[in-house]
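> Sequence lines, in order, name chains A and B. To convert, take the position in the first sequence, counting from 1, and add 36; that gives my numbering. To convert, take the position in the second sequence, counting from 1, and add 5; that gives my numbering.
Any given hint could turn out to be false.
Stated by the list, open to error - Pairwise CB distance ranges (calculated):
# : chain 1 : residue 1 : chain 2 : residue 2 : range
1 : B       : Ile-207   : A       : Gln-205   : 20 to 30 Å
2 : A       : Ala-274   : B       : Gln-210   : 28 to 38 Å
3 : B       : Arg-286   : A       : Gly-258   : 39 to 49 Å
To be verified - Simulated coverage check for chain B against chain A, where a stretch passes if three residues somewhere in it have a Cβ under 8 Å from a Cβ of chain A:
# : segment
4 : 63 to 75
5 : 300 to 306
No lab work stands behind these hints: they were computed from the structure. Just so it is clear, CB atoms sit at the ideal spot from N, CA and C, and this is done for glycine as well.
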Amino acid sequence: MGPSYHVLTFDAGQQIVAFPGQFAMVRGSTWGQAPLLPRPMSLLEPGRRPSILIKIVGEGTRRLAHASPGEPFDLLMPLGNRWSPCPTGHRPILVAGGVGIAPLLFFARELTAAGVRATMLYGGRSAHDLPLSEEVTEVSDARFLTEDGSRGTRGRVTALLESAVRETQGPVKVYTCGPDRMMAKVAEICRALEVPCEVSLETPMACGYGVCLGCPVKRTAGGYFYACTDGPCIDATAIAWEP
Amino acid sequence: MAFDQSVTIGTLTLKNPVLTASGTFGYALEYDDFYDVATLGGICTKGLSLTPLVGNAPNRICETAAGMLNAIGLANVGVEAFCRDKLPKLRARGVTVIANIFGTTIEEFVAIAERIEKDEGVHALELNVSCPNVKKGGLLFGCDANLAAGVTDAVRRVTKLPVWVKMSPEAGDPIGVARACQEAGADAITAINTIRGASIDIEAQRPRIHHRTGGLSGPAIKPLALRIVWDLANALQIPVIGIGGIATAEDAIEFLLAGASAVQVGTANFADPEAGAKMMRGIAAYCERHGVTVRDLIGRVKRNAP
């Protein structure tokens, strides 16, 4: 999918029962001493052939993206909390930024299977930053936005959120995954509109299961959440967003 | 037949030389899904303070070449919650528990040791006088022979448990600091804690760690740790517990040969949650292959050329 985005599919050898929003810690079995740590990756699909969406940001994701067929990996999954199910009678609006589409596409597929068609606002810097957009269209009413106008509406997803909420009949719930600044803005808009909002956190992590304490996220109530065990999916109002 | 894997640290006998390092194994129960933690030589708890600590602001960790930096800031549940919520479960499971404790003053170290003394289930105390990521205490104690001995002596007076002192690689004279702790009644020296390092994001032009510096751990520090352990084992009468970049059975055996009486596996737990279990199996296989016990290996490679 262009030079920066890749889907990596594993043969798990067994059925992996996982839900939208959960993640895996992924490390190449042959990496040796570097890269040292496994990488937290949101699951795109569960089952016997679980998959992840990769955006190349460094050495670990580069190795994942360029894995050869048959290359062995160590996966620890499923980890973390899923998106909470959309409350009865609420319409789901999914707001994705770039690679943040992975847990939301997984969620849209689950919703579709349950007979619910979600609204999706999907933004990226350019048309190249909207991976899996065809798959997204199949399972949601999708609107695309790009900052350079190369696809869909020019601008950021947050520009369309308020109107999307207002156009939807009845109560809505917003789910968002993308860059921190985008999610903070989505959370702010939802708070102003008094609409429930859930975010999926992304931070560096060493273990993925609450031991390293490397993934703190500031809490409204003081102290920190840990993205791995308290999240990654969590109510937006619980987080003290940094300016 | 199996070759004896047990080792002795002062008055404490461990069923094998593999311990898990403080701060990399939580309170051990988190690893229940991976293997039976009671099979380990022991587990060192997350550093316990007198009152709970929330830790440093993010980012707390980043990866570096064959290693990682961390500045967690000793986030922990506090000694009271540990004794109330974690210790009974560990005791019931038959886990050998080393309580790693941390104070900003000698009085705090003493108070934590006194609290632990009230309950059953802790087998030794490990004094963290070498944390690089807190503003008060920490490294200050571990780099000064008088202060390190002062903490050791004060804790020694209030506990019947074996007292281990966890050394910093940044002490100008590690042997001098360790000897002072030995004189003050330490039962063992754990070496080494992390060494301060830094990493800068050149695009954002800021440190990758909010605390600006962090403790470097992982394979990157193994040769440094091995040299210090070798020096200490050669100079001290009390046992040395090796730690620093130990990820595999082969790494552990190097430390044993250099004179460590036991080893701790730390950062490797993150790369592979079963690292400790694999290490135990690998050491046993090595002993089988060489027809030796673990005790036979300890200090077999001499520091000073004959």
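> Hint by hint, note whether the structure agrees.
Here is what the structure says about each hint:
| no. | hint | result |
| --- | --- | --- |
| 1 | B:Ile-207 <-> A:Gln-205: 20 to 30 Å | violated (50 Å) |
| 2 | A:Ala-274 <-> B:Gln-210: 28 to 38 Å | holds (31 Å) |
| 3 | B:Arg-286 <-> A:Gly-258: 39 to 49 Å | holds (44 Å) |
| 4 | 63 to 75 | holds (count 11) |
| 5 | 300 to 306 | violated (count 0) |
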